[in-house]
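Use these hints to put chain W onto chain S, whose structure you have.
Below are the chains, spelled out letter by letter.
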Amino acid sequence: MAAPGTQRWLPTAVGVSSIVFILAVVEGLIRVGLINRFIVPLPSEVIASFGRVIFEENILRRFLLTAWECLASGLLLTAFGVAIGVLLHQVKLFRLACETWVAAFASAPLVLAYPLFLVLFGRSSMTIIMLAFISGLPPVILKTIEGMSATRRVLVNVGLSFKLTPAQQFWKIYFPSALPTIFVGIRLGLIFALINVVGVEFLINFGGLGQLINDLAERYDLPGTYAAICFVILVSVIFFATTERVERWLTSAR
Amino acid sequence: MADISQVKRSPIPWLSPVTLVRAVIILTVLLAWQVMAISGLFYSDVVPTLQKIGTALVKLLSHVDFYWNLWATAQEIAVGLVIGGLLGLVAGLVVGANQFIAKAFEPYLYYLGPTPKIIFFPVMIMWFGTGAGSKIAMGVVSCFFPIALNIAAGMREIDKVLIKVGESFRANQWQMALKIYLPAMRHPIINGMRLGLGVALIGTLLAETKISNRGIGFLVIQAYANFDMPGMYAILIVLFVLAIGANTLVARLGGLDNIKQK
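Chains S and W supply the protein sequences, listed in that same order. In terms of my numbering, the first sequence is residues 1 to 254. In terms of my numbering, the second sequence is residues 1001 to 1262.
No lab work stands behind these hints, which were simulated from the structure alone. Even glycine gets a Cβ: it sits at the ideal position worked out from N, Cα and C. Check before you lean on any hint, since a few could be wrong.
What the simulated footprint calls covered on chain W by chain S, stretch by stretch (three residues with Cβ under 8 Å from a Cβ of chain S suffice, anywhere in the stretch; the number is not a length) [what the hints assert, rightly or not]: (1) 1103–1112; (2) 1118–1132; (3) 1171–1180; (4) 1197–1203; (5) 1218–1226; (6) 1236–1244.
To list a few chain W residues with every Cβ distance to chain S over 12 Å, as calculated [unchecked claim]: (7) Val1035; (8) Gln1051; (9) Val1058; (10) Trp1068; (11) Ala1078; (12) Ser1168; (13) Leu1206.
Only chain S is shown next, with the shape it has when bound in the complex (with noise of 0.2 Å):
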């Protein structure tokens, strides 16, 4: 029987064996000319252009430039989503009124009016950054919804107990009994915000990563092309990492 480390580390390599096991295996199909190397790049050549992208096309400015547009995406979803979210619980009319549209809403291919945005803002960072905004809001405003409704009744009598106005009772009672939950919203809208910024630089072809994948394939760099989608894969990856790390951190502090 395997000891309890080797169970735990014998999946992560037998995923990661095969990922490289399937590597090699297209590595060979190219240089016996079964897969043309025109189509898809050695993977050795992708490796091996990872320095040549990181150094020569900017990748550093380009990705403060998808991060900038990504925060200011962010900030804007998380103050107008959280504000809505609120008003919505608090004016239970306008609730059951909109939240049914903010659902549906949410399951419109937003990003399809990039054109739109783009004679509205320009070709520009706005054009950007509005459309992830939008895209990101729907599931802010229904999560803080979700959060508020889910305060337990008890601590809610506490706040009347001690006599708290409406003002203390959201800040002292409400608004940190919903914030693990409002997170919950805010992670899922910056997780929309970064593929609509990634999606629209890469259509529009303007600003940070999404352009370079584009500028590199117009080029018919194949391995740069390869390698830069590889670095934004990367990137998403981290970044929804981080945003899962600091959910569960806030979910367990509840």
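What follows is chain W alone, placed relative to chain S:
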């Protein structure tokens, strides 16, 4: 604070306070738009009047070209959803059924799921060309992840009693899949398909806006290229209504609404 159960219900549903608030919000938005359009503060081409948008909407819906392009997009999405759905179903069943495989490969599905799929489009063009193939491939890549993850999670939540019943009848793997797993996972499958439909729609349409000569995405980018703003608003309105309608329909067919109400 807010207790939504306390809102009085009108005996006439369409005269309820909620309906009235909704009507007031819609009228306010339309009125505000019309005031913006005729105020002269904005370019009339960018903020056209409601009449112009209405005319463009009627023109769009009465033109056969629109339905031809809608059909092209619908085909690409449907094929993408079928292929991606089947691949997601198989991957989800395999990952959900075996703990070791789940530990080895599920993190890749989990972390690749939220990445922006449009970045794969240059690769899809290389592999499948600039025609419908690359758009279908975008649909497949987009919907694969939510479907696989939902099915894997659903597989783990199957009532153990049902599995014991299947085993006590000595059902083979195929019978277990058809008689126990798939019926028990109806809701995760439908939910996965609903999420998959949403992202497949976005993936396919965005790909159409990048390189295409047909489809709704192509119509949107054509309207942009010709600076036909009323036409673009009309296409986007129809598209949003169709997307929301399709999402609601899939949820209703799968009985997801009933689950939420319980």
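(request) Taking the numbered hints from earlier one at a time, note which ones the structure violates and give those numbers from smallest to largest. (result) Failing hints, ascending: 3 and 13.
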